[in-house]
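Undergrad: So the sequence lines, in the order shown, correspond to chains A and B. When the first sequence is numbered by the numbering used here, its final residue is 328 and no position is left out of the sequence of numbers. When the second sequence is numbered by the numbering used here, its final residue is 310 and no position is left out of the sequence of numbers.
Since the hints were derived computationally from the structure, they do not count as laboratory data. This one's a predicted model, so the numbers in the text were calculated from it and none came from an experiment. Mixed in with the good hints there might be a few duds.
Unchecked claim - To give an idea of the chain A side of the interface with chain B (calculated C-beta under 7 angstroms), a few residues:
#  : residue
1  : Asn61
2  : Ala68
3  : Ile70
4  : Met172
5  : Val198
6  : Val200
7  : Asp229
8  : Gly230
9  : Ser233
10 : Leu236
11 : Asn262
12 : Leu301
13 : Ile304
14 : Ile308
15 : Leu311
16 : Gln316
Every residue, glycine too, gets a C-beta built ideally from N, C-alpha and C.
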Amino acid sequence: MTAVTAPAPAVRHRKPRPNYVLSLLAIIVSFVIFVVPFLFMIVNALKTRQDASDLQFSWPAQVRFVENFQEVITSRDYMLIIAFINSAILTVASVAILVVLSAMVAYVLQRRRSRWNPLINFLVLSGLIMPPAVVPTIWVLQGLGLFRTMPGLILVEVAFGVSFCILLFRAFISSIPRDIDEAATIDGAGSVRLFFRVIFPLLRPVAITVIVVQAVNIFNDFQHPLYFLPGEPTVQLTVYNFSSQFSSQYNLLFMDILLITIPPLIMFLIFNRQIVAGMTAGGVKG
Amino acid sequence: MATTTVNRGTTPSVATAPAPRGARMRSPYPYWFYLPTAVIYGTLFLLPTFAAFYFSLTRWSIFESKFIGFGNFISFFQEPALVKGLTNTLIYGVVTSGLKVVLGMLLAVLLTSRIVARGYLRSVVFFPVLLSGIGVGIMFQVLMNPDRGLINKSLALIGVDGPAWLTDPQLALLSVALVDVWKGVGLATLIYIAGIVSIPQEYFEAAKVDGAGPSSSFWHIILPLARPATVTVIILSLIGGLRSFDLIWATTRGGPGFSSDVIASVIYKQYQAGFYGLSTAGNVILFLLVTGIVLPLFWFLSRKEVDL
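Let the hints inform the model, and build the full structure from the sequences given.
TA: What follows is the structure, encoded as structure tokens:
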């Protein structure tokens, strides 16, 4: 995976001209398939209720952005605001815990050879492949008094996401020379200090990838809040509930979907490269 | 990356052989770094997983459970709706991952070829990956509306009578699978792009000198050398596809009837109905299905790769 350094293919000189016909075709087709659905949603989110119920792909007769926005926000006693706060807490807390804990595991797992390693690798892989058992998890959470609580859901997200993070961190840590560890140890750093002061700051690039990918995943998660935090709204649950409540009000429904799409969109615009790096890890043999 | 992991996991003898542990008194890599993760993962993933095997054999109401042997599994396989969920899960997983492999590969070849606006195309194809399944599901529920949806209206413009998509029992599952491919093909494409870009340019040049055209360099260079990417795409989309819940729940809720139910939606429905034992039996079946398909496939595909 470390070998993702692309051998910049653009540098070669005697390159023929780009294929403009194919390019144009690709642009048009991709526009129709991937962009038009969004534009459809955007224009309909701006329409009046009646206008939107025709489901036409047309510019709204009257642009009602502010009104629709207000109505979505205020509906059900500001449910969406509460949901955004809940989702923000869930995402930030889970990701923070995930980054620290999985980096610690990946570090020891990569650095220290022991007879436990095969078992731990197996467990990490199991966490990646195996679907979690839903109702027994509820049973455990209930036993711990964590069912229907935010901390419970946060811990569940950590348990289900930790494998992926460990794999990413471990691959990166293997590229950090051990000389650094030894130098720090000789200088008298204990293991905690060595990790948190010396190694952890070096993990910044991969940590950004882990943060962004997991943040998007957890923010978009629907299934686990549905099971483990019923009653408390998170953004995905709110949209789902709105879809039955607003089944005849497509303008509000689409406005709602657009609002919950904004955080991933921002993530995408800022961290495009890190997201791609994280999600394609493993595509290249290394 | 994932490949190396499994090799280590499945061949413990290699990993255990050089074990210079205990050489020093205190390692700078303390085992207690594992502890917090082990506690969380152990209680919230491993324990429920093992408990599932027991509770799937019981009639269960969270508070008390009564052992009934394989009763839940028997009723699972006797109920046509539930068996439908099982076959649907297989169909869904195979169709989505197959389409993602083929389309992802084609798009990646296109996006690494000499065309303009590559950045735009990559972004546009990839962005749906970051959307929530619920949002995409609801959006397509509207777009796929049989009479008024944008898709069928557009098809009518070119004289095609569009199908009823999500409301046609024959087509519902495949329609959701198509939406899944729409949402996920960007990831497959990016994985393939990473794989293709890592192939040394000399291979293509040498092939060109030898008179190979674009199609033979695709079949003889890109396809075999992008094999790790193919393995990753197949495994990732199978894992995702077999567990898929969000999209199906947002678009059809398993309907019409049970025609697009998958195991994940059956688990949820049985849970809602209070049949916790049956729900957990469904979970165990899903669990065996995913492990039973993904592990051998993984082993087979990564083994082949070593032989090449």
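Undergrad: Of all the hints given earlier, name the ones this structure violates by number, lowest first.
TA: As far as the earlier hints go, 3, 7, 8, 12, 13, 14, 15 and 16 are violated by this structure, in ascending order.
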